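So the sequence lines, in the order shown, correspond to chains A and B. Just so you know, we're using our numbering here: the first sequence kicks off at 304 and counts up by one. Just so you know, we're using our numbering here: the second sequence kicks off at 304 and counts up by one.
Watch out, some of these pointers could steer you wrong.
Label pairs and their in silico Cβ distance ranges [claimed, not checked]:
id	chain 1	residue 1	chain 2	residue 2	range
1	B	Y530	A	K603	28 to 38 Å
2	A	K603	B	G351	29 to 39 Å
3	A	G338	B	M340	37 to 47 Å
4	B	R606	A	Y530	40 to 50 Å
5	B	D330	A	G498	25 to 35 Å
Footprint (simulated), chain B over chain A, 3 or more residues, beta carbon under 8 Å [stated by the list, open to error]:
id	stretch
6	390 to 396
7	409 to 417
Computed from the model, here is a short list of chain B residues facing chain A with C-beta under 8 Å [as the list claims (entries may be wrong)]:
id	residue
8	S307
9	I405
10	M522
Read the hints as simulated data drawn from the structure, not as lab findings. Predicted model, so just to flag it, every value in this text is computed and none were measured. By construction, the Cβ of each residue, glycine as well, lies at the ideal position given by its N, Cα and C atoms.
2 protein chains.
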Amino acid sequence: MEQSKGQQSILFQEPPYVIDGASVVGDKEGKGPLGKMFDRVSEDPMFGMNTWEEAESCLQKEAVEILLGKSGVSKVDVKYMFAGDLLGQLIATSFGLMQFDIPLFGLYGACSTMGEAMALGAMTVNAGYAKQVISLASSHFASAEKQFRFPLEYGSQRPLSASWTVTGCGAVLIGKTKSNVRIIGTTTGKIVDFGVKDSMNMGACMAPAASSVIYQNFMDFGIDESYYDMIITGDLGYVGRTILIDLLKEKGYDISGKYTDCGIEIFDQNSQDTHAGGSGCGCSAVTLCSYILDNIKKKKWQRVLFVPTGALLSTVSFNEGKSVPGIAHAVMLEHCN
Amino acid sequence: MEQSKGQQSILFQEPPYVIDGASVVGDKEGKGPLGKMFDRVSEDPMFGMNTWEEAESCLQKEAVEILLGKSGVSKVDVKYMFAGDLLGQLIATSFGLMQFDIPLFGLYGACSTMGEAMALGAMTVNAGYAKQVISLASSHFASAEKQFRFPLEYGSQRPLSASWTVTGCGAVLIGKTKSNVRIIGTTTGKIVDFGVKDSMNMGACMAPAASSVIYQNFMDFGIDESYYDMIITGDLGYVGRTILIDLLKEKGYDISGKYTDCGIEIFDQNSQDTHAGGSGCGCSAVTLCSYILDNIKKKKWQRVLFVPTGALLSTVSFNEGKSVPGIAHAVMLEHCN
Numbered sequence: 304m305e306q307s308k309g310q311q312s313i314l315f316q317e318p319p320y321v322i323d324g325a326s327v328v329g330d331k332e333g334k335g336p337l338g339k340m341f342d343r344v345s346e347d348p349m350f351g352m353n354t355w356e357e358a359e360s361c362l363q364k365e366a367v368e369i370l371l372g373k374s375g376v377s378k379v380d381v382k383y384m385f386a387g388d389l390l391g392q393l394i395a396t397s398f399g400l401m402q403f404d405i406p407l408f409g410l411y412g413a414c415s416t417m418g419e420a421m422a423l424g425a426m427t428v429n430a431g432y433a434k435q436v437i438s439l440a441s442s443h444f445a446s447a448e449k450q451f452r453f454p455l456e457y458g459s460q461r462p463l464s465a466s467w468t469v470t471g472c473g474a475v476l477i478g479k480t481k482s483n484v485r486i487i488g489t490t491t492g493k494i495v496d497f498g499v500k501d502s503m504n505m506g507a508c509m510a511p512a513a514s515s516v517i518y519q520n521f522m523d524f525g526i527d528e529s530y531y532d533m534i535i536t537g538d539l540g541y542v543g544r545t546i547l548i549d550l551l552k553e554k555g556y557d558i559s560g561k562y563t564d565c566g567i568e569i570f571d572q573n574s575q576d577t578h579a580g581g582s583g584c585g586c587s588a589v590t591l592c593s594y595i596l597d598n599i600k601k602k603k604w605q606r607v608l609f610v611p612t613g614a615l616l617s618t619v620s621f622n623e624g625k626s627v628p629g630i631a632h633a634v635m636l637e638h639c640n
Numbered sequence: 304m305e306q307s308k309g310q311q312s313i314l315f316q317e318p319p320y321v322i323d324g325a326s327v328v329g330d331k332e333g334k335g336p337l338g339k340m341f342d343r344v345s346e347d348p349m350f351g352m353n354t355w356e357e358a359e360s361c362l363q364k365e366a367v368e369i370l371l372g373k374s375g376v377s378k379v380d381v382k383y384m385f386a387g388d389l390l391g392q393l394i395a396t397s398f399g400l401m402q403f404d405i406p407l408f409g410l411y412g413a414c415s416t417m418g419e420a421m422a423l424g425a426m427t428v429n430a431g432y433a434k435q436v437i438s439l440a441s442s443h444f445a446s447a448e449k450q451f452r453f454p455l456e457y458g459s460q461r462p463l464s465a466s467w468t469v470t471g472c473g474a475v476l477i478g479k480t481k482s483n484v485r486i487i488g489t490t491t492g493k494i495v496d497f498g499v500k501d502s503m504n505m506g507a508c509m510a511p512a513a514s515s516v517i518y519q520n521f522m523d524f525g526i527d528e529s530y531y532d533m534i535i536t537g538d539l540g541y542v543g544r545t546i547l548i549d550l551l552k553e554k555g556y557d558i559s560g561k562y563t564d565c566g567i568e569i570f571d572q573n574s575q576d577t578h579a580g581g582s583g584c585g586c587s588a589v590t591l592c593s594y595i596l597d598n599i600k601k602k603k604w605q606r607v608l609f610v611p612t613g614a615l616l617s618t619v620s621f622n623e624g625k626s627v628p629g630i631a632h633a634v635m636l637e638h639c640n
């Protein structure tokens, strides 16, 4: 049963379904262009908890609860969870998901984690290892600022190339139960390092990885941009968008007419002061679970290439003068009647 | 093609082979009881690099190079890597593996990561998604002390319940090429939290998770301890060992006659001053790639349950007063003629 496709891809013989998705976000995301599409918007950035990390765990917990509720599935019928976040040692995930008592594969792909989680989830269902699994990823503006940048209390100014970490968790139930969205294949990314060392310009760090995995998706499946109705990256933002389009043009592909980025869609650049756009694992995850799945369900888009993008840095590596390499994972989504 | 087995397990229809393994360790590990079995022992804890994190990346790089060399496989013929480490945002992995240009699934399961990586690697090969993959995990004593505890320069005293993080990386090539070791199934663990808050007693934090996944392995496959020649946990050490044996006795299983722990095997407790034993992702990974695989190849052990164990904490969660939950992932290894 050969389902390997090309160098980095998989074409599923029995494409698993995205049975349902759920999204929980913070106040700022709720006031953005996609605000009405999220399942829950919390006005309290602490989500009633005592620490930012607990707040992020709460995002995960609520997203999974809403997902199980919407889909009418009991947690005992979910065999595995594939999940991750941006915090050191994935503590948002550990403390957010433990109460569900579901076997867990902890993942770290920086902001590409939702792509990694969906790929592994679909691989697991398609192979018959599980009837259904949950894939999810989260980020929280304040826990991420604390982890990667400066305490909020400093009131640091941010350069225009900086992005704004999305407070949100998106979770999908992947399984064999028919829905209007299928995962037909995946292309798993390599680490790509162009030597950029500016952690306040993550779009530039990640764009080469996005270009690499999109190009490889075209190669592995023998297709080009015309195959898709939409190609959607995770959190390249305005700076990374331009770089990605240029990099793919150099390789002979013009995606500019059918390309967007979750980091661009989620905030209003003019009114929300989010500079280069949204970022964080939660950015692509909640945009998927609202805007993207909605448009595929309605058949506005028949075929979408969803490409969450990650910047692989830590404060330790950054302070030691290392570059910020990128990684991106592509998931092929298709409308299904 | 139903390969799901029980609540948390998978039984492979075409069990993938552990084609080969490679291990690279530090000086202290080289002087321990397994010293002669490792592929490379480095006298220099910095591995010729400038920082502890770079040294750990170097461990990963060398382990993969040795593995490819031993098995005569070119890196272009390895479709995916499944890898992780203990550092925030997996920087040892990102910077250690990027040069191989192999698609990467980044994993975090604390010290259970080698079990998670082998499970996902075997799931990928068995399903026909890849002909061969590499699964690996690393830790480094000094990068882990810096990440989780105190700077080495403080010369802090350690309680007897504390374990010693292994400097080492173990990597296995999993694929369809016949060898003497097969992965016949997996049982994926849940997060188990007994409320222990002592990060200097990780054996006690992890033992309940190990007990849970071993018990579930017995349930899912309808077996008991008599099925295995050896049950080997990751890094429970002397304290966790006793707790695990007691917890399983309470459930009616006595594994004491055929049980050991990589953290116990890797150091000599009397002469090496390692208190409760070895720990870290690298502990189970290098013990697997030396002592365990050797004994399965020689048929000293026909059936082994390999159970890497992880303590899910960060300095942030610890300082915020959270408990240290555990997770463990079981991999069923079998001799094959």
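Could you tell me which of the hints above the structure violates, numbers in ascending order? Hints 1, 2, 3 and 10 are the ones this structure does not satisfy, whereas the remaining hints hold.
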